[in-house]
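Number of protein chains: 2
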Amino acid sequence: MHELPLSWAFTLIEPGPVVLVTTNDGVKNNVMTISWTMVLDFTPMFAITTGAWNHSFAALRKSRECVIAIPTVDLLDRVVEIGTCSGADTDKFARFKLSALPGRVVNAPLIGECLANIECKVVDIISKHNIVVLEAVAAHIDQTRKEKRTLHAVGDGTFIVDGRRLDRRTMMASKLPEGI
Amino acid sequence: MHELPLSWAFTLIEPGPVVLVTTNDGVKNNVMTISWTMVLDFTPMFAITTGAWNHSFAALRKSRECVIAIPTVDLLDRVVEIGTCSGADTDKFARFKLSALPGRVVNAPLIGECLANIECKVVDIISKHNIVVLEAVAAHIDQTRKEKRTLHAVGDGTFIVDGRRLDRRTMMASKLPEGI
Chain E
1 MHELPLSWAF TLIEPGPVVL VTTNDGVKNN VMTISWTMVL DFTPMFAITT
51 GAWNHSFAAL RKSRECVIAI PTVDLLDRVV EIGTCSGADT DKFARFKLSA
101 LPGRVVNAPL IGECLANIEC KVVDIISKHN IVVLEAVAAH IDQTRKEKRT
151 LHAVGDGTFI VDGRRLDRRT MMASKLPEGI
Chain W
1 MHELPLSWAF TLIEPGPVVL VTTNDGVKNN VMTISWTMVL DFTPMFAITT
51 GAWNHSFAAL RKSRECVIAI PTVDLLDRVV EIGTCSGADT DKFARFKLSA
101 LPGRVVNAPL IGECLANIEC KVVDIISKHN IVVLEAVAAH IDQTRKEKRT
151 LHAVGDGTFI VDGRRLDRRT MMASKLPEGI
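Protein sequences appear in the order of chains E and W. According to our numbering, the first sequence is numbered sequentially starting from 1. According to our numbering, the second sequence is numbered sequentially starting from 1.
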């Protein structure tokens, strides 16, 4: 994993991929599959929807840290399986043969098999709407990886794979944040 | 546009497409391009990130209504242009030849050229984080449309088009909400 400038981290979340969110409760690692994410700011700040129905939520609330990992299409079956079992009774890193790599800032692990990892601190929890507000503090990308296509959950059990990329940089120039 | 059961509306937002958000301030229609959206609940509830930097925000706050319209790849140039000019000095529906169709519940218009439209009521504005919480009250889909591929903004001026759809309905069965 190479360090990715923080100013680019929002470009990993803005396209709306399915992500894996890792936590460490002080004793063990856990990971959950999440589709409900949003960019809040280029700085970067993110929102995710989660709550007590996810076993990871207790560790997220206690440690106030997590890592958002970006899986690609080759990991689809593991992404689905991670999302359909619970850390309450499963060591998901062992079961799904995920490499827990140390982060630079947080204690939650990076996932070595993923395209990218964003280390985050919890800055707010809006309990009324189950929104967790995150600030990214470091980001990493595997530039050696050939497969870069991410997945988009439809919500009905199907997933859309990234297709063609269309370039509108010139038209968008006035709207792009500095450094992008 | 055909009525889409509300229980399916979240499947339009969960994959993370670029959307158009329409408003009506009591006098005129407006529309903005947004990539920062998130599902909050299957009921369905959504969050979008917006604020005073968008001209539409005043109408959204005043009317407490909007429509989330889902454009497809054939509309890319209009989507970019809508996002790079302002309703403060432009009648975007006229300029971009968008058909403003009446909604069933809200006064903000549906966009006839889009794949789908979700009528929404504002249920909360979390000013601290520029999050607007929306509840969908009606949804519509153009089932006659051949082009169904949506767009995912990367944030650097490029856009990813929907590719293949992979089916994991059987593996996901335990996690799908009722009626899906």
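One or more of the hints may lead you astray.
Since the list gives no way to pick one copy over another, a pair counts as held whenever it fits inside one copy or between any two copies.
With a straight-line cut-off of 30 angstroms between C-alpha atoms, the simulated DSBU-like cross-links for lysine-lysine are [stated by the list, open to error]:
(1) Lys97 - Lys175
(2) Lys175 - Lys148
(3) Lys146 - Lys62
(4) Lys62 - Lys175
(5) Lys62 - Lys28
(6) Lys28 - Lys175
Bear in mind the hints are in silico, worked out from the structure with no lab data behind them.
_If the cut is 30 angstroms between Cα atoms, do Lys175 and Lys148 qualify within a copy, between copies, both or neither?_
both (25 angstroms within a copy, 27 angstroms between copies)
_Within a copy, between copies, both or neither: which one fits Lys62 and Lys28 at a CA-CA cutoff of 30 angstroms?_
So Lys62 and Lys28 pass the 30 angstroms test inside one copy only (13 angstroms; across, 48 angstroms).
*Between copies, within a copy, both or neither: which fits Lys146 and Lys62 at Cα up to 30 angstroms?*
neither (36 angstroms within a copy, 48 angstroms between copies)
*Within a copy, between copies, both or neither: where do Lys28 and Lys175 come within 30 angstroms Cα-Cα?*
between (42 angstroms within a copy, 25 angstroms between copies)
*Within a copy, between copies, both or neither: where do Lys97 and Lys175 come within 30 angstroms Cα-Cα?*
Answer is between: at 23 angstroms across copies they meet the 30 angstroms cutoff, but 41 angstroms inside does not.
*Between the shortest in-copy and the shortest cross-copy C-alpha distance, which are at most 30 angstroms for Lys62 and Lys175: within, between, both, or neither?*
between (38 angstroms within a copy, 26 angstroms between copies)
Taken one by one, the earlier hints fail for this structure only at number 3.
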